[in-house]
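> Listed below, chain by chain, are the residues.
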Amino acid sequence: MNTLSSAWSWLTSAAHWSGDDGIWHRLGEHLFLTVVCLLLSCLIALPVALVLGHLGKGGALAVNISNVGRAVPTFAVLVLLLLTPLGTHGQWPTIIALVVFAVPPLLTNAYVGMREVDRDVVRAARGMGMTGRQLLFHVELPLAFPLVLTGVRIAAVQLVATATLAALAGGGGLGRIITAGFNLASTPQVVAGAVLVAGFALLVEGLFEIAQRLAPEWARGRMG
Amino acid sequence: MTAPPDDCLARNDWICGEYLTSRREILWDAVVQHLQLTVVSVLIGLLLAVPLAVAARRWRWAAGPVLGLTTVLYTIPSLAMFSLLLPVYGLSASLVIAGLVLYSLTLLVRNILAGLRSVPEETRQAARGMGYGPIRMLFAVELPLSLPAAMAGLRIATVSAVSLVTVGAIVGHGGLGNLIYTGMNTYFKAQVLTASVLCVVIAIAADLLLLGVQRLLTPWTRAVQS
Chain B
1 MNTLSSAWSW
11 LTSAAHWSGD
21 DGIWHRLGEH
31 LFLTVVCLLL
41 SCLIALPVAL
51 VLGHLGKGGA
61 LAVNISNVGR
71 AVPTFAVLVL
81 LLLTPLGTHG
91 QWPTIIALVV
101 FAVPPLLTNA
111 YVGMREVDRD
121 VVRAARGMGM
131 TGRQLLFHVE
141 LPLAFPLVLT
151 GVRIAAVQLV
161 ATATLAALAG
171 GGGLGRIITA
181 GFNLASTPQV
191 VAGAVLVAGF
201 ALLVEGLFEI
211 AQRLAPEWAR
221 GRMG
Chain L
225 MTAPPDDCLA
235 RNDWICGEYL
245 TSRREILWDA
255 VVQHLQLTVV
265 SVLIGLLLAV
275 PLAVAARRWR
285 WAAGPVLGLT
295 TVLYTIPSLA
305 MFSLLLPVYG
315 LSASLVIAGL
325 VLYSLTLLVR
335 NILAGLRSVP
345 EETRQAARGM
355 GYGPIRMLFA
365 VELPLSLPAA
375 MAGLRIATVS
385 AVSLVTVGAI
395 VGHGGLGNLI
405 YTGMNTYFKA
415 QVLTASVLCV
425 VIAIAADLLL
435 LGVQRLLTPW
445 TRAVQS
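Those protein sequence lines, which keep their order, are chains B and L. Residues in the first sequence are numbered from 1 upward in steps of one, following my numbering. Residues in the second sequence are numbered from 225 upward in steps of one, following my numbering.
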């Protein structure tokens, strides 16, 4: 196919890899956004989910927040944030939107993981005289870890996707190559950008898959 | 020289009744386009997902590749998915539909397969004992019993599709997404907020509608719960 070969030659031309609009720079931006926002979202979501799961409260909120997150279009949130006064503060609208969409899967999975811990085990631990803190860190969290990790994995993939969309609303990252391609009406560039984005997303998913397979038995996910 | 009118459009307010009345037709057209794109994609996705899930259930070797492929498809970000389809479909509504079909397909195959797998072995043995052949068993026993899981998947797929249609704005076929996109470029706050809220309203309405359908189709699940 002609488009594929032109996309390939676009990808392999050295000029497209260097400079401020180059692939390396955009890849760096994408990676930076993904990693920083994943850390931020974990810092926000995991403590809340673990405490709620430990206390067994706020279940409806923790479970439904994922459904709400799905109903709200990512693109709409990006544009809404861009038009608020925040829009003039560089990357902030993008970062906030990324965190907003990464928190729900983290919260829901960690909460469900905590609640699915065998109640008999929890009762036994209490009977042994464990304090709430010991119970949380030495019993519940290790047992809930596979689902927590699944949440992190879903959030990471979600972050890569949202960071791509951010390009539509003027953000940085690999999506910029695609939007620039559309503006130039250059199908090869659009396809080349899409291949990069898809490759990056699959790489992130693949790394989590490998990490989960290499992890010790107790940390492995149960979901395929 | 007359002074510009001092209404909410001129002030570029977020919430503007004037916008709703003066752009009623544009909004209506966008909503209709949004609904068409969503419904067509989810229906095609459903038509493709049922045979795939049944095949993956029947032949054990097919389950791995089917689930693997759907995971890969679902991992690809929407903007990249639409872009990868550009050489095939050009700047058309078909491109958006094709992309959305692939996403709905993924969610539906997983859920229908989970539903089929959740049919108890005793139930199938009982049906076989009553003389049900494989086809009749599929349509009269297995598919009906997998309805709760399948409907859950259909609801997720529909709500996701409503939200993803907006990304179609990149090729000019995004329903309400088009209004959000032009609103962004012209800094038109009322348009962006109105279109965004309408998207969420459509998603919630579709979810509730499907929940109602689910209750009508699976009366036995309510009996168990109560």
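Treat the hints with caution; some may be incorrect.
[Claimed, not checked] DEER-style ranges, computed between Cβ atoms:
(1) B:Ala-14 <-> L:Ser-342: 34 to 44 Å
(2) B:Pro-47 <-> L:Trp-252: 40 to 50 Å
(3) B:Ala-14 <-> L:Leu-271: 27 to 37 Å
(4) B:Ser-9 <-> L:Ser-246: 27 to 37 Å
(5) L:Val-296 <-> B:Leu-214: 29 to 39 Å
[Said to hold, decoys possible] Looking from chain L toward chain B, a few residues come up when the C-beta cut is under 7 Å (computed):
(6) Val-255
(7) Ser-420
(8) Pro-443
The set of hints was computed from the structure by calculation and includes no laboratory data. Idealized CB from N, CA, C, for every residue including glycine.
> Would the stated hint for Val-255 of chain L survive a check requiring a Cβ distance to chain B of less than 7 Å?
Where the cut-off is 7 Å and the nearest Cβ of chain B is about 14 Å from Val-255 of chain L, the hint is violated.
> Is 27 to 37 Å right for how far apart the beta carbons of Ser-9 of chain B and Ser-246 of chain L are?
violated (49 Å)
> Within 27 to 37 Å: is that where the Cβ-Cβ distance between Ala-14 of chain B and Leu-271 of chain L falls?
Between Ala-14 of chain B and Leu-271 of chain L, where Cβ atoms are some 46 Å apart, the hint is violated.
> Measuring from beta carbon to beta carbon, are Pro-47 of chain B and Trp-252 of chain L in 40 to 50 Å?
holds (45 Å)
> CB of Ala-14 of chain B to CB of Ser-342 of chain L, is that within 34 to 44 Å?
violated (54 Å)
> Holds or violated: is the Cβ of Ser-420 of chain L closer than 7 Å to a Cβ in chain B?
holds (4 Å)
> Given a hint of 29 to 39 Å, does the C-beta separation of Val-296 of chain L and Leu-214 of chain B actually sit inside it?
violated (21 Å)
> Would you check whether Pro-443 of chain L satisfies its interface hint, that is, whether its CB is within less than 7 Å of any CB in chain B?
At about 24 Å, which exceeds the 7 Å cut-off, the nearest Cβ of chain B leaves the hint on Pro-443 of chain L violated.
Hints 1, 3, 4, 5, 6, 8 from the earlier list are contradicted by this structure; the remaining hints agree with it.
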